[in-house]
Structure formats: C-alpha cells, structure tokens
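Below are the chains, spelled out letter by letter.
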Amino acid sequence: MNGKWEVVIGLEVHTQLATNSKIFSGASTAYGAAPNTQACLVDLGYPGVLPVLNAEVVRMAVKFGLAVNAKVASRSIFARKNYFYPDLPKGYQISQYELPIVGHGELFILDDNGNEKRIGITRAHLEEDAGKSVHEGFGEHSGIDLNRAGTPLLEIVSEPDMRSAREAVAYMRKIHTIVRYLEVSDGNMQEGSFRCDANVSVRPRGQKELGTRAELKNLNSFRFVEKAINFEIDRQIALIEDGGEVVQETRLYDSDKDETRPMRSKEEANDYRYFPDPDLLPVEIDDSFIEAVRKTLPELPDAKQQRFTNQYGLKTADAEILTASRAVSDYFEQVAEATTAGPQVAANWVIGDLSALLNKEGIEIKSSKIGAGALAGLLDRIADTTISGKIAKDVFESMWTGEGSADEIIAAKGLTQITDTSALESVVDAVIAANPEQVAEFRAGKGKLLGFFVGQVMKETGGKANPGQVNRIIKQKLG
Amino acid sequence: MTADPAGLALHQRTLSELAWGLTKGDFTSRELTELLLGRVAQHESLNAFITVTADVALEQADRADRARTRGVAGPLNGLPIVHKDLFCTKGVLTTCGSNILSHFVSPYDATVVERMAEAGAVMLGKTNMDEFAMGSSNETSFYGPVMNPWDTKLSPGGSSGGSAAAVAARLVPAATGTDTGGSIRQPAALTGTVGLKPTYGRVSRYGMVAFASSLDQAGVITRSAEDAALLLRVIAGIDRRDSTSVDHPVPDYVAGISKPVKGLRIGVVRQHFDEGLDPLCAERVKTSLDALNEAGASLIEIDLPSIGLSVPTYYVVAPAECSSNLSRFDGVRFGHRSADPEDLLDLYCRSRGEGFGAEVKRRIMTGTYVLSAGYYDAYYLKAQKVRQLISQDFKNAFERVDVIAGPTAPTTAFAIGEKTDDPITMYLNDIYTIGANLAGLPGISVPCGFATGLPVGLQLVGPHFAEERILACAHQYQQLTDWHKMAPEDFA
Chain B
1 MNGKWEVVIG
11 LEVHTQLATN
21 SKIFSGASTA
31 YGAAPNTQAC
41 LVDLGYPGVL
51 PVLNAEVVRM
61 AVKFGLAVNA
71 KVASRSIFAR
81 KNYFYPDLPK
91 GYQISQYELP
101 IVGHGELFIL
111 DDNGNEKRIG
121 ITRAHLEEDA
131 GKSVHEGFGE
141 HSGIDLNRAG
151 TPLLEIVSEP
161 DMRSAREAVA
171 YMRKIHTIVR
181 YLEVSDGNMQ
191 EGSFRCDANV
201 SVRPRGQKEL
211 GTRAELKNLN
221 SFRFVEKAIN
231 FEIDRQIALI
241 EDGGEVVQET
251 RLYDSDKDET
261 RPMRSKEEAN
271 DYRYFPDPDL
281 LPVEIDDSFI
291 EAVRKTLPEL
301 PDAKQQRFTN
311 QYGLKTADAE
321 ILTASRAVSD
331 YFEQVAEATT
341 AGPQVAANWV
351 IGDLSALLNK
361 EGIEIKSSKI
371 GAGALAGLLD
381 RIADTTISGK
391 IAKDVFESMW
401 TGEGSADEII
411 AAKGLTQITD
421 TSALESVVDA
431 VIAANPEQVA
441 EFRAGKGKLL
451 GFFVGQVMKE
461 TGGKANPGQV
471 NRIIKQKLG
Chain X
1 MTADPAGLAL
11 HQRTLSELAW
21 GLTKGDFTSR
31 ELTELLLGRV
41 AQHESLNAFI
51 TVTADVALEQ
61 ADRADRARTR
71 GVAGPLNGLP
81 IVHKDLFCTK
91 GVLTTCGSNI
101 LSHFVSPYDA
111 TVVERMAEAG
121 AVMLGKTNMD
131 EFAMGSSNET
141 SFYGPVMNPW
151 DTKLSPGGSS
161 GGSAAAVAAR
171 LVPAATGTDT
181 GGSIRQPAAL
191 TGTVGLKPTY
201 GRVSRYGMVA
211 FASSLDQAGV
221 ITRSAEDAAL
231 LLRVIAGIDR
241 RDSTSVDHPV
251 PDYVAGISKP
261 VKGLRIGVVR
271 QHFDEGLDPL
281 CAERVKTSLD
291 ALNEAGASLI
301 EIDLPSIGLS
311 VPTYYVVAPA
321 ECSSNLSRFD
331 GVRFGHRSAD
341 PEDLLDLYCR
351 SRGEGFGAEV
361 KRRIMTGTYV
371 LSAGYYDAYY
381 LKAQKVRQLI
391 SQDFKNAFER
401 VDVIAGPTAP
411 TTAFAIGEKT
421 DDPITMYLND
431 IYTIGANLAG
441 LPGISVPCGF
451 ATGLPVGLQL
461 VGPHFAEERI
471 LACAHQYQQL
481 TDWHKMAPED
491 FA
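As given, the protein sequences belong to chains B and X, one line each in that order.
Here the first sequence is numbered in this note's numbering, starting from 1 and rising by one per residue.
Here the second sequence is numbered in this note's numbering, starting from 1 and rising by one per residue.
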C-alpha cells in the first residue's frame, strides 16, 4: 500500500442472535418462510401492541460481552430510533443508544506482520432488525416482507484500531468465530445473519487526527469487506492526491462492479430523535446473573488454539485452522483422542481430506457422513500398517458413500496391505524380469527409476503392497 | 351491601344495583341490553358513540343469561358497558376518533376488553373521544364533538368525553376510558360522574392505542365509586404482554370501600386554590372537604412546590412520545392511505396529512421538535428532570398525608367552540390532573355538587397502588352525599 498514507478502519458488525423467537415478540425467526408468514401483530406494528423483551437475547448479549472481556452494564436502556421507511413498521427501530448492554471490550488478531494485535471493542448493543423491501417482481411498486422485522441483532462496534483491509477481515473473522463458539449466532452470511458496516478513512502517516471517514454499508462476506475497503482506500487516497477532499458520507458497495458509490451525505442523514422507549423497562443485570452466564462460557478459540499446540503438539497454523470453528475443533479432538495414529495425523485428515469433501458437498462437519469415531477407526488401520495411506484414501471415499466402517471395507475388498516379505519379493522379482531395459538404466545410475519399479509393484498388488517395504526390497535386489 | 333499589328505573341503576337485580332474576341481561340500546338510539344526537355494537351486545347478553342459568356467571355477568374507541376490539371498528383509522377493524382485543368480556360484560359500543386522546373537550374527534347531557351546548370534557357523556346520560352504567393527563377525571368532573385513573402499571395498556406511553393508563367512568371498584378488580393486574404492567397483588376493591374515613389524613394542596380556579367550584370543593372532615378525616395543608410546572412538562413529554407512537400510521399496512401517491414521500405526507386532524398534527410537530438534535437536552431531558421533581413532591407529601384532595378541573363545563382557537387555555383545563400522570399516581374524580347548575368534581389522589384508599374515601363521601344520583333533566 501507499507508504505515505495510514489507513484507519472501524467496523460495526451486525450479528443475528440465534433465538427461536423474535426480540420483542413470539413470532418465529426461522429463515426462508413465505413472505409475511412470520410476522405477528407486534412485528407489524399494529395499533395498541407492545414489545416484550425476549430474555434469551439478554443472556446471549451478556455471553458475548464476557467472551470479549467487556464490561456488562448493570443497567441498560432500549431507545427508539425514529425514521420512516416502509419496511420499518412502527416508524422507529427499537435499539440501544446511550446505555448499551455491553461496554468496552477487546479481542486479538494477527496484524499484517504476523504479530498479535489488540482491537478495542467500543460497545455492543441489542436492537431489532427491520423487514425487507423487495423491488423486483411488483412492477412499479415495491413489496415488503416483514418476516425479518423484529429479529434480534447484536451490533458490535469496534474502535478505529484496524490499519488495513486484511486486519479488518481478521477482526471480523474473529468476531464470527467467537459468536459461533458461544452459539449466540449461526453466523450465516448468505442468510444475512452476519454482516458489517465499515468506517474507513486515511491520513498522512504520523498525523494524529483522523481523516474524514466514509461509512460502507451492508458488507455481507469477508471477501466483500476486503474488496470494498481496498477500493475505498484507493479512492480516498487518489482523491486527496488529486487535491480533492473526502466528504463524510454513507457509501454502498456494489459487488458486481467492485466499487463503492455514495448513498447519502452527512447533510442528508436522518435526525433519528433517539429517546428511551417508554414501553420497555430498563434491563437490570446483577452479578449473580453474570456469573451464571460466565459458567456457560465454552473454551474460547484463543485458549483452545494454545492448548492444541501445547497438548497435541500441532503446528500453530493447523491449530488455528482447527479452532476457527467449535464444531471442527470438537471433531478433531474426538478423532485425536480415539485414534492411535497420533494428533498430527488426525489434524492432517480433518484439515485435508475431510474438509475437502465437506466443502465439495457443502456439508457442515456436524452432519459429516463420516463420524469422528469412524475416521479414528480408519486412521488406526494406517497406524498399524494394515493399509497404506493411499489405500486409506480409497477406503475413506467408500466410507463416505456409506459402504461401512473402515474395517468392513478393508475386509470386503481385501485391501489388507501385503507385508509378507517373501510374497513381496516374488512380485519384485517378476517386475525386474519383465523390465530388463529399465533395470539396465537404473543400474547405470538413473536412480529416478526407483519410482517406476515401486509403481509397477503397486500395480501388480492392486496398491496393497507396503510401499516402504517395496522400496527397500527393490533397492536390495538392484543395488 | 347494595340495597334493592326497587322502583328505580333500570337505566338509573348503578352496575352494582343491576348486578343484584340480574342475580335475583328481576330481569334478564337481554332485557336490560335492549332497553339501553333503545336509549342509545334515542339519544344519538349526543354523539357519544362512534360505533354501536348492538349485535355483539345482544349475543353477549344472551350468553350471559345462559351462563347465569348454568350457574357460571362471572363478576360482570350480563352487565352493560361501553369502551372508549381507543381500545382495540376484535372484529369491531376501532377509530381512536381519527380519520386515519376510520376504517380500521382491529384483529384482536385489548387486555381490558378481553378481561371485561371474560367477566361476562356486555359491550354496547365504542365511544367518541378526542382524536388519539389528544384534547380536553372532545372537539378534536374526526366524528365531531360530544354534547354534555347537562347542557348540550357544552362540552363534556375530554378526551374520554363520549364515555363520560354516555354514563352521565344514563345510556349505560359504566364505560372505560384512558387518562394521559386527565382524560378520565376531567370529563367525569364536567359530567357529574365518577372517573378513576389507576396507578401507572395497574392496568395493562396492551391493545390500548398509545398516545403517550409513559403517561397513558386505562380506567373507568361510572356513577359510583363502588362500581369503579367492581370494574377495577376485573381489569387490574399484571399482563405479560405489557412490560410496564406491574406484578402487584390485586385486592378485593369492592370489599375495601367500606373502610371509614375516620382518621384519614387528607392533604389539601395550597397551590390548587390559587387564581385560575373558578370561585364557585372552589367553594363546592371546600364544602366537600369539610364534609369529609366532619366524618372524621383530618385536613392538612400541603405544598407541592413544583406542581406549577406540570402543564409545561406534560406538553413536552406527551408530544415527544406521541410523535414517535403515531409514526406507525403511515398508510403502508393499515389505516388511511392517500389515493394514487406519486412516490413514497407523497404517500407518507398525504396519508398522514389527510388522516390526522389539527391538534394531533400540532402535537406531532411539537414532539418532533423537542426530540430533535440540539433541542433534546433543553426540552425533553429537562422535562424528564422536572418530572422527577414533581414525583418527589408527591412522595414527600405522602409522608404526611394519606390522600391528596382538591378540584379536578378549574371550571365547570365550557361551551363547545369556546376554547378551540386557544390551545393553551384548553391545556390549562388539565392543570390539576396532569400531576398524577407525571408521577404515575392513582386519582379519582367524584361529583361534589353543582355550580350554576353544572357538576363540579372533587379529585382524590393517592400514593402508588393506593386505589383501595381513594376508592374507599370516594365511596364514603358518596354515602354522605347524593350528587352522583342526580341525573341531567332530559336523561332522568
């Protein structure tokens, strides 16, 4: 990046809380229902209806607060944010303004140089989501779907502590990992359960005061966050270097064109006329509640990653990948505890073959067609040399298609590795006899041909020969 | 407790008297309902009703009669009531006196409506009111003003003017109302009826269309304190659908009213008898206080130093909340939608412009202003601080007295049209009632005599959840006097 300029980024992450019902009504939050079938009178903002706070939402927010080492407010207040929009049924959004439920907190990411870096969290507050305007399929009209109206959101606001798009993505990923660990959000970005706004500004390196910022709205994938921020950085720097000035405004990222464009300026910004919502009581949280929630905190990703490197001796990179998701780390630990093959082998398989198949078929690890116990059974057969690593990959695929356990498949297909030296010697002899030219070349010094002979033996044995043994025998016989 | 008022025409009887007659089998609920529906039709010109629900009423009356035969009668079984048109009633027009809801049929019942229906009450209709309860004369209604039965050139007060007029005219023995700044007590005073505003949180606000959420409270208008007690017992109590309703035990208010006033310490607010109070009204109120004094209560002069700020405080807080509460009436999902809007902004502007009347618009604009960036601290926040002071004044006073008594309204009923051009004078009509709303206290207005032939109301205000105490005091006063038994000449 341009060395003259320093980039300053703060993120507002909106994460949908994984409650069954909405934040202020009993309507379901399930995704994908027919339009307006999951909106009750409260969500529709009917005359006379009143909001009632879903207690689960408070528990989840507190859980998040504790996970990022934040101060949980003993008293927080819901406020009304007033503006008119057709997908905002009451003409105001119930949010938190002056007294949010979660105060200052922090988390750690790796910066561009691979060093640990603290990112401050300013606050996290609860609010209700709006509905959705549908602009296609209604001619000159717009459709309104209020299924999403009243869905609980936790808006997590960071300090302007990030200095590159990459750091912003690392921070967002960390939040994503934490909320899923805590099981307070499914973090599903396609369904809009996890999205963010980015405040981006640039300033001459060394300057203390912040540059004028632009707010990029509604970034709903890690890739878009990175691209949108990078576009915006380039735009701002080019603008300033051309003698222009950045104006404070809200910009929308267009992923098709990979650009940001103005949505509304500071002057056009709404005056939201926030005031405490008189329909809701202040949320009062005592220490005993906080302690009860603290007891439900799972081991968090940073601690788990540390433990994986210490306890299992995993490479840091592998530990990081495995702990990015609680389900993956749980799966890995089950395999590692059950198999005799050792934790690194377990890690390699979970990160490698298993992840590849899961990704290919778009399946969550929780629904993996091969359970942790079954995978451990397969790895055991490698460890005790019943099969080779190569055969294991075939067995793995058969297990995936439901042909049975590793042992059943090995038995049914007769895949047990040939380790009988005399049996292997006779195959090697046959291969040597059948390939006199290659034998001559090998003996003349073309050592690369070893692989050819091993391949021939494997072919003859249907891949069942123990490759190490075969290597040794060929070297003996031709050496 | 209630003597059999044999010979008294059915429409003259109180709820308690009617309940006795129904229990004895002197008449059926259907007979009673038909008779009162007849009176409602006969006195249509009072304009007390926006909707008469004769079909619903007769069906409920028949059901009540059958229930009585089966021996499963609820506490209000077969008793006729009407609801202020601010309460949502399932399948029935619910207009709030506004054009914007002039075609709105509610898909659900308010908690108050539901509880009364479950207790066996018979709903005769929905009463006229100031638009969205914003007014003190019932003149801001889209459906036109209500006439005061004592003199049809006069206003019955407001905003629950239709409910008060219907009860005063003996069209129905009891009605619901809502009180944000005096909207139950002031019309009760101006029509010679009893108006009870309970403690904030005592009665659920669910299904009561919001005007100013932190001040609104549902209550009743009746002809006796005993009837108010009977109804309050049914509608009071926590409702999980209203977070601001309070989980406080509901006593047997009817049993509680027999408590004598002997030993009761009645606070008389010095500021309440300052200039602004009509001298004849002042005299009536003082006479009624003397009567309570003679009955054994002591009168103690008290100060509410900040009470003079209650009207300006109210006219910041209430419009602020109303400006937000009324945002939902945008022409998108329900209510009036302007024809052929050019675009979204046009849809909003015209739907609301056509739908709301002048007073509602005035308050929405005031409220929007006081919440705006740069004005919030100077108006809204300051008003909230003054509100705290006013609450503290009452709290201090209730350390010395059990009940605070004084006038309900500064004058008797005024002429329709008299104050419509001067909103400030209109606002001052609630000068004695607003304090109880700001502090969330229960208050009741009881008829305490006449000035130049028009009813005067005595207001009793108690500490939080002391409804039993103010009802008992009001009831004991009614045992000493007959003011509440006097009917307007043309409606006797």
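Since the hints were made in silico from the structure, they are not lab data.
All values derive from a computational prediction rather than experimental measurement.
Beta carbons: idealized from backbone N, C-alpha and C, even for Gly.
Hints may contain errors.
Stated by the list, open to error - A few chain B residues facing chain X, derived, Cβ under 7 Å:
#, residue
1, G26
2, A30
3, G45
4, K81
5, F84
Cross-check of the supplied hints:
1. G26: violated, 10 Å
2. A30: violated, 22 Å
3. G45: holds, 4 Å
4. K81: violated, 10 Å
5. F84: holds, 6 Å
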